[in-house]
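Go ahead and model the full structure; you've got the sequences and the hints to work with.
There are 2 protein chains.
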Amino acid sequence: MQNFVFYNPTKILFGRNTISSIGPETAAWGSHALLVYGKSSIKQSGLYEQVTSSLQAAEVEITDHGGVFSNPLLSHVQTGIEKVKQNDIDVIVAVGGGSVIDSAKAISAGALVEHDVWKFFSGKKSIKKTLPLTTVLTLAAAGSEMNSGMVITNDSTREKFGFGHQMLHPKTSILDPEITYTVPPDYTAYGAVDAIAHVLEFYMTASDPETPVQDRIMEGLIENAITACNRCLENPTDYNGRANLMWTSTLALNGLTAAGLGRVGFPMHMIEHSLSALYDIPHGAGLSIVIPGWLKWFSKTHPARIASLGKRIFPSADIEEDSDELVATRTITILHNWFGRVNSPTSLEEVDIPQSDIPRIAENALALAKVWRLTNYTAETIEEILHLCR
Amino acid sequence: MQNFVFYNPTKILFGRNTISSIGPETAAWGSHALLVYGKSSIKQSGLYEQVTSSLQAAEVEITDHGGVFSNPLLSHVQTGIEKVKQNDIDVIVAVGGGSVIDSAKAISAGALVEHDVWKFFSGKKSIKKTLPLTTVLTLAAAGSEMNSGMVITNDSTREKFGFGHQMLHPKTSILDPEITYTVPPDYTAYGAVDAIAHVLEFYMTASDPETPVQDRIMEGLIENAITACNRCLENPTDYNGRANLMWTSTLALNGLTAAGLGRVGFPMHMIEHSLSALYDIPHGAGLSIVIPGWLKWFSKTHPARIASLGKRIFPSADIEEDSDELVATRTITILHNWFGRVNSPTSLEEVDIPQSDIPRIAENALALAKVWRLTNYTAETIEEILHLCR
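Protein chains in written order, with our numbering: chain W, 1 to 390; chain C, 1 to 390.
It should be emphasised that the hints constitute simulated quantities derived from the structure, not laboratory data. Please note that the accuracy of each hint is not assured.
Copies of one chain are not kept apart here, so a pair can be met inside one copy or by any two copies together.
Subject to a maximum C-alpha distance of 30 Å in a straight line, what follows is the list of computed DSBU-like cross-link-like pairs (lysine-lysine) [what the hints assert, rightly or not]:
1. Lys311 <-> Lys39
2. Lys125 <-> Lys300
3. Lys11 <-> Lys43
4. Lys370 <-> Lys125
Spelled out as structure tokens, the structure:
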């Protein structure tokens, strides 16, 4: 096991009827909130009313900042920062999924500096302080509700970059599985794929193989993401299906799985970010395209690691004492087929990206590979992986 | 899954060469520390010197408070509280295992009130504030380094009671596996047993069966406690063995495993506390006596739950499609035999407690059962379980 620091001070309120706590949890940190959210669906569902009532009852003034897109945009973050600066706002409330929470995090950091917030993402500036942030989660997927990372797309340059800092941890996140009853099947599946991807990135790229504690946790999370997602697709109002998917996706990227693994990378995300930046496809959909391709490429050099996952969670991957290569191939096929069964795309073709675009995607991805210091990924490597995404 | 609040703000510094951080981590919270520790072994090993040098370099004044016993005593906590009050001490530093950290927690709470600290344990007073606490862990066992609980023995009444409160979380805990190289085989095993017991208590007493996320984590922790302990006994300076045992025992009781399980109990601890309070045997040794007995008693009504654990982590427990009863029995036997293999006692007889003492032990345990609201445990039930501890 490698040395690590684990520090996760986000308070999680999990379960039914927890939304009404957003008022007091926010009032503990400020009296004027920027309320960040996405589409108007939270108004139709009544969630907007629940949140604003609770904030008002706790005497928190509200400035509205709706309209966050999936693959959230820098320009919208910049508008939010202006609102905070002009209105003496002292706390941020995010009501949404990862895109909304990431936007809120970027606003919480950008509102306290004079320079453009993008400089955090491009690595030119570091975060010194942030405004406090509370969240109400509406989608089991990104894990942003309990971590210190954020991903934003620069709409001028079409770069989708991520950045992390301890001070970006939300103070409190409210996770009510019932809110996700209305998440449609496609986004339910994309969320599960995202959680699986977060675990796979660490599991596959860990620089230290002596981490059985973390391995068992990661294997359990992947298994649960699959079984819980299946339950939610079967019955969208299955409380325990929704609850298990929600807690799985939170734990998948809250620092616990990576602690002790040493240096880990996000190569699948690195390539996927280019797909969603260039073609605006949902993040989870892009990931289910990239994951099998990347795993096929990785299995050429590291079949044992993929096989170890399959042996633990896919009994049918290891029928008799097979070679690591064979078990790895079956593991990838099982995952690939499951993506297909939950209607998450598994090839560039399915989302109408022509093979001729591969060099352009690789070039875009390479920029992020440099920022994330994925130094062993050349344009040729990325092209090779993209050719396996079929 | 049941509603829960998860909040664990303890910062963990894990790995080699981390002890020297105790100075700056402590100086962030105060300038005069009460240094709580146990026996003089930390002076022989050089750890005392490492810690005090780091504190002095960070300009933290030190008042010494060594001499904590295993099964820590209220009287020693009370002396520590007096020292804090008389010397304007503003931060507590614990260097030791669970007994030392629990004593430090009790001092951190008791130093800020006028009434006796035992009133927290007897349920007569609640904690409003605590002094900040930093820790250097020397034993993989109790999990106190990353949780909000503490257990103290009242030396006048021979009651060993536990109490928990959010404010008892250490600010920072330093976990250097190399410090545990010198832990002798018996205490290495007792520590692993303690971690296993913490997981088993929750796994077996969870009031909600729909917790696959937590179940997979708990099963992984039990499996790891066993395999890591075996490695440490084989080679006491196996870094990864020590590291995996240390992180396993921390995660076994940091709130993560219990979150979402609903009401859980500590019935095995309830009975063990009487063994160590009355006969002063090590906590882990008492637990390896109680666990198989309690499981045999529990398997009469809940064989499926025990079988589900065995099916996941002991392949030999489920040879062919056996009944839950049979798999549960095999699971208990495997665990019982493993305790024996690592020389942790598995019967009252082994620690020279006569069967005729059982009524007296049950009576003592019943007092804690009342405080912990284990309402379905009568003296007869406890006696029945103790008769199975053989």
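The hints, checked one at a time:
1. Taking the closest pair of Cα atoms, Lys311 and Lys39 never come within 30 Å of each other, the shortest separation being 42 Å inside a single copy and 46 Å across copies.
2. Within a single copy, Lys125 and Lys300 get their C-alpha atoms no closer than 38 Å, and across copies no closer than 63 Å, so neither meets the 30 Å cut-off.
3. In this assembly of identical chains, the alpha carbons of Lys11 and Lys43 lie at most 30 Å apart only when taken from the same copy (26 Å versus 38 Å across copies).
4. In the homo-oligomer, the alpha carbons of Lys370 and Lys125 lie at most 30 Å apart inside one protomer (17 Å), although the nearest pairing across protomers, at 57 Å, exceeds that limit.
Violated hints for the displayed structure, listed by number in ascending order: 1, 2.
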